[in-house]
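Sequences and hints are given; from them, build the entire structure.
Note that the protein sequences, when read in sequence, are chains W and Z.
1 is the number of the first residue of the first sequence in our numbering; add one for each residue after it.
373 is the number of the first residue of the second sequence in our numbering; add one for each residue after it.
To be clear, the hints were calculated from the coordinates, so they are not data collected in a lab.
Hints are supplied without guarantee of correctness; some may be wrong.
Here are some chain Z residues pointing at chain W (derived, C-beta under 8 Å) [to be verified]:
#1 L515
#2 A692
#3 L696
C-beta atoms are modelled at their ideal positions from N, C-alpha and C, and glycine is treated no differently.
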Amino acid sequence: MNLRGARDAAIIPGLAIVLALVFGSLIVIFSSPLIFGLDLTLPLVAYKALVEGSFGSFGAVISTIVNAAPLILAGLAVGVAFKAGLFNIGAQGQFLTGGLAAAAVGAWLAHAPGPVAIPLALVAAILVGSVYGAIPGFLKAYTGAHEVVTTIMLNYIALYIVAYVVTGPLRAVGATFARTPDVGNASLPILVGGNGHLGVLFAFVAIPLAWWLLYRSTIGFEIRTVGAGPDAARYAGMRPRLLIVVTMAFCGGLAGLAGAGEILGLTGFMPAGYSTNVGFDGITVALLGQAHPIGIMFAGILLGAMRAGAPLMQIEAGVPAQMVDVLQGAILFFLTAEILVRYLFRIRAKSAKVAELQTVASSYGGQATPTQ
Amino acid sequence: MDFILHVPVIGLLLQFIGYLVGVMTTNGSLIITLSTPIALGALCGFMNERSGVVNIGIEGMMLFAAFVGWYVAALVNGGAPTSPGPLGITFPLLVGLLAAIVAGVAVSALHAWLSITVRANQIISGTIINIEALAITGYLNLLISQNPIPSAGNFQSFHVPQGVASVPVLGWLLTTFLGHGPITLTMLVLVIVLQILLFRSRWGLRTRAAGEHPRAAETLGIDVIRLRYRNVLLGGVLAGLAGAWFTLEYIGTFQGGMTNGRGFIALAALIFGRWTPIGAFGAALVFGIADALGQAVSFNPPTGDLGAVLSGVPGQVFSALPYLVTIIVLAGVVGRSIPPAADGQPYEREAKAT
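See below:
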């Protein structure tokens, strides 16, 4: 994609972000009487703090990047699946189970040398995430059970798996709350700033890797062909069923790696009520980035900046950090209702749609993927 | 060797079936209560999908309606105790119920606009609704909880008179099917009414036509776009009722994310029930049973060998049961359950001849 193409592709998402910020400020103004009386300037104070907390200092920028890394990985986990015509809402479950695997292996190898413990914990997370992603892929390919419903169910089941493991077999002895033991030597080394850990690099390595896989490799070509139309792929001699399973496993691995980064790089253990919603945010990242690895990188950094700035916004403006969730939903809304964006700004711009999503919609509730 | 291994397994299985039947008979009323949001959500999906619109935003619609209904009822109530009428009906609760329905319709209008007029991807539209509903209700609930206001309470179940309830069989049937609050009772009526309307009314015929072959329907003079709008908005009423069930009938207060996937399970129930109201209700009962079984095992565990085995199973397995059942059901039936042919496909009128 040349520079001009990139600029055209960014117009609609950019304007959607602007409109989302306007919508968010309306919510802030109208809900302000609930805390301290009507305040028309509150959104400005809040957004200023949001920017300051995300780009205002060296530490803030590091925090933005650290927050962006798992979002990029989760965004790729959703975006690569989009390319195969699959809607992987299950990135959250793959993220949780992957993180749990990293916590378990990390705790087991807490006293082993780092160069042994870290790779093993990472591999465990990727493997478990892959398996957890492959399950809905298998169900979709061989029974026709739509991944939109099965992945959501698996997200809930993942919550219960984490709750069981953390409060049961893996509960740390002597901890004041239910959590797994410290990962010790398996924790990722801090490279820069207060918490710029090694895991951040994984995300930025995964971007070119995913790009190469999708646009330069044979399997990527097959994935995109299946996404454009499973029947066409089958006539061309590809195996859509196998490709669906493989793609979902690959995406699950990415989400699992994101989980490992959070556990081994930030918390150092898995708490029982682990409520980081990186997997869900990956949906926003993938759609905002139009399922393209480069787009996903920018979208991940933007959402990472919001997450990084949210605490300062809460402190300085009293606006709860959950405002970021509201903004994310609003961005998605304006992105989807791009007709509204075109009308409001009187522009004709390149559509920000993910083309392969046609396959997602038309296959809902349908049959098992046809075999030969 | 095999034989020896299997005997205790078969014994345990029989015990489990016995226990399950026990749970189903003694907790019949609870099962119907727990299946209410799933059945209402499935009916909402039915209204949408039969006319050709996929709706995976039911979860978000329910959650938003649950929040609005609860908050409006609490605001109207203002902390003052009011004397409830039959079924625990009070003025604030009725206003709350109405507000929940309006909220459900409002979110549905958004979905209708995105999926019918904008012709956006309907699965994305539903996903946006789910994300935004979770975010906005969580955000507002957090703000409200800083100055909490007392809830307006909740609807009460109908009490079958003691004399009638003790009659064998009839008493059980009456308490199981009538011993509910107004929203559950409405659901039971709606299941039957919608089933009849779908196959016996002009509206039903037109809806099925729009969902199977919109182009042909339009040729016969049916305004497909208008019909889809109307059905999606009416579906919003049902999602609103489902949301109100959480905060105005079952629990009486709001918690962030309290719908807990019931909207998605409703979709599975719709598929399992082959896109018919009665079928969806039957499927919702299966999930109600899974839910009730999870509760029964922890509050009223079985005795004997089965109890010994089940006590070794972590409680989370039973909590996860409805979700597991959903996956198994979907994997088992979906190939044989055929959706409306035009489900999920935006309808585009042919250009007018000039």
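Note to self: Min Cβ distance, L696(Z) to chain W: is it shorter than 8 Å?
What the structure shows: holds, 7 Å
Next item on the list: May I ask you to test the interface hint for L515(Z) with respect to chain W, counting a Cβ-Cβ separation under 8 Å as satisfied?
Entry: holds, 4 Å
Check: If you take the shortest Cβ to Cβ gap from A692(Z) to chain W, is it below 8 Å?
Finding: With a closest approach of 4 Å, the A692(Z) hint holds.
In this structure, none of the earlier numbered hints is contradicted; all agree with it.
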